[in-house]
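**Q** Chains as they are written, first to last, in my numbering: chain A, 1 to 274; chain B, 275 to 381.
Because the hints were derived from the structure by calculation, they are not lab data. Given the structure is predicted, the values throughout are model-derived calculations rather than measurements. C-beta: ideal position from N, C-alpha, C; glycine also. Treat the hints with care, as some may be off.
Which residues of chain B face chain A? A few of them, derived with a C-beta cut under 7 Å, are [as the list claims (entries may be wrong)]: (1) E332; (2) S355; (3) T357; (4) H360.
Computed list of chain B residues with no C-beta within reach of chain A, every gap over 12 Å [stated by the list, open to error]: (5) F288; (6) G294; (7) L346; (8) W374.
Derived, one-sided and incomplete: chain B residues facing chain A with beta-carbon distance under 8 Å [stated by the list, open to error]: (9) A310; (10) T361; (11) I362.
Spelled out, the chains give:
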Amino acid sequence: MRLLAFIIVTLTGAFLLYGTTEFPDWGDPNSPASLHVSNYYIEKTYEDTHAPNFVTAVVTDYRGFDTMFETAVIFTAGIGCFLLLRDFRGKKEHYYQHIPSGVILHVKDEKKLLPIGKEFGYMDKEWVPPDLINKTVCRILIPFIQIYALYVVAHGDYSPGGGFQGGVIFGSSLILLAISYDLKTLVERVKEKLLGIFAALGVLIYAGTGALCLLMGGNFLDYGKLAPLIPGHSGHIRALGMLVVEIGVGIAVMAVMTLIYINIVSEGRHDEGL
Amino acid sequence: MNIIVIALLVFGLFFFLAGGIGIMRMPDFYSRLHPAGKLDTLATLAMVMGLVLYNLNEISLGTILVSIKMFLIVFFVSLASPTATHTIVDAGMRAGLRHWTKKKQRS
Chain A
1 MRLLAFIIVT LTGAFLLYGT TEFPDWGDPN SPASLHVSNY YIEKTYEDTH APNFVTAVVT
61 DYRGFDTMFE TAVIFTAGIG CFLLLRDFRG KKEHYYQHIP SGVILHVKDE KKLLPIGKEF
121 GYMDKEWVPP DLINKTVCRI LIPFIQIYAL YVVAHGDYSP GGGFQGGVIF GSSLILLAIS
181 YDLKTLVERV KEKLLGIFAA LGVLIYAGTG ALCLLMGGNF LDYGKLAPLI PGHSGHIRAL
241 GMLVVEIGVG IAVMAVMTLI YINIVSEGRH DEGL
Chain B
275 MNIIVIALLV FGLFFFLAGG IGIMRMPDFY SRLHPAGKLD TLATLAMVMG LVLYNLNEIS
335 LGTILVSIKM FLIVFFVSLA SPTATHTIVD AGMRAGLRHW TKKKQRS
């Protein structure tokens, strides 16, 4: 069996390697990829959009529809993860900590719930005390990570970065909070409803910008038509439109990342986990 | 100036090499994390310092801004890398991994 697998892997690899010999050379000016629209993008992007980073201009302006539906795909992924995994049934057993004495109570009656407050706190079966070093360092690092994420989003049209990357960094800062403290700390601060609203809001900002362009008399996602709304910036109005769209993408990606993490790690119950 | 830059870069490269050899040669999980955590931090510090000095050859607002960003990299790496090592060791201890002893090797 292993021999068969080895033969199949070798044959597939050989075919793939054989296929690469037909590829154009590295940086070949006559290759199909650099014959058609690439030259136009490289020469005309700055004149058209006033965005110095033409990767962003291609992604969000020339191919704005593509990116809009990518955002919609991410939103759908978040919703799908929520619908598949979310479990609203309560647990059969409950664990509580009596805070003044530190004793852990195991309540087997499903309906008997103790009041959560100064006297009793939630507790999990697999609970481990969060590490002090981790907590302190993550508390120092998380604000910097979030500022960096906003920087990446805001500089999307000037330097490498943009909504997707910034949103992922922001979401990972929230996940770091869940890892270094525990999941409940995150769920208390960032409510599930808020995450759902943000995921939808990001897509709404993107599609709404497109619809606004439609209302102002242009095509869908034709940012040039937004100029009367922001007086004094008619030169780089397209770059500003890209920025708005990137912010929408960032919000959606941040919310969906956090939503997927919370649902997967706690098997949909939002109570314990890493 | 260039001599100091080269010295710092070579210093950093030496520690990266030593860290790599250490990860390959050490006998078990905990002792492998020792070079991975410490030498990489020091090597990153030395190499980025060298790059900062090289960058400050001509002093203007732009190069000073870039240098400050590089210092931020050093700051965050030296904060995050030991913490990550600590966390991995902590996870190993909690999962119950025994540390390496010479007796175990003989048997």
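**Q** Against this structure, judge whether each hint is valid.
**A** Okay, the hints, checked on the actual structure:
Contact between E332 (chain B) and chain A, as hinted, is not supported at the beta carbon level, the nearest pair being about 22 Å apart and thus beyond 7 Å. The beta carbon of S355 (chain B) is not positioned within 7 Å of any beta carbon in chain A (closest approach about 11 Å), and the interface hint is therefore violated. Here the hint on T357 (chain B) is kept, as its CB sits about 4 Å from the closest CB of chain A, short of 7 Å. Of the supplied interface hints, the one on H360 (chain B) holds, with its beta-carbon coming within about 6 Å of a beta-carbon of chain A, less than 7 Å.
Against the 12 Å criterion, F288 (chain B) stays outside the reach of chain A, whose nearest CB is about 28 Å from its own CB. Against chain A, the non-interface label of G294 (chain B) holds: every CB pair exceeds 12 Å, the least being about 25 Å. Residue-level check failed: L346 (chain B) sits 9 Å from the nearest beta carbon of chain A, not beyond 12 Å. Listed as outside the interface, W374 (chain B) is consistent with that label: its C-beta sits roughly 23 Å from the nearest C-beta of chain A, beyond the 12 Å cut-off.
The restraint placing A310 (chain B) at the interface with chain A is violated, with a minimum CB-CB distance near 17 Å, outside the 8 Å limit. Annotation: interface hint on T361 (chain B) holds; nearest CB of chain A at approximately 6 Å, less than 8 Å. Evaluation of the I362 (chain B) hint against chain A yields a violated restraint, the C-beta minimum of about 11 Å exceeding 8 Å.
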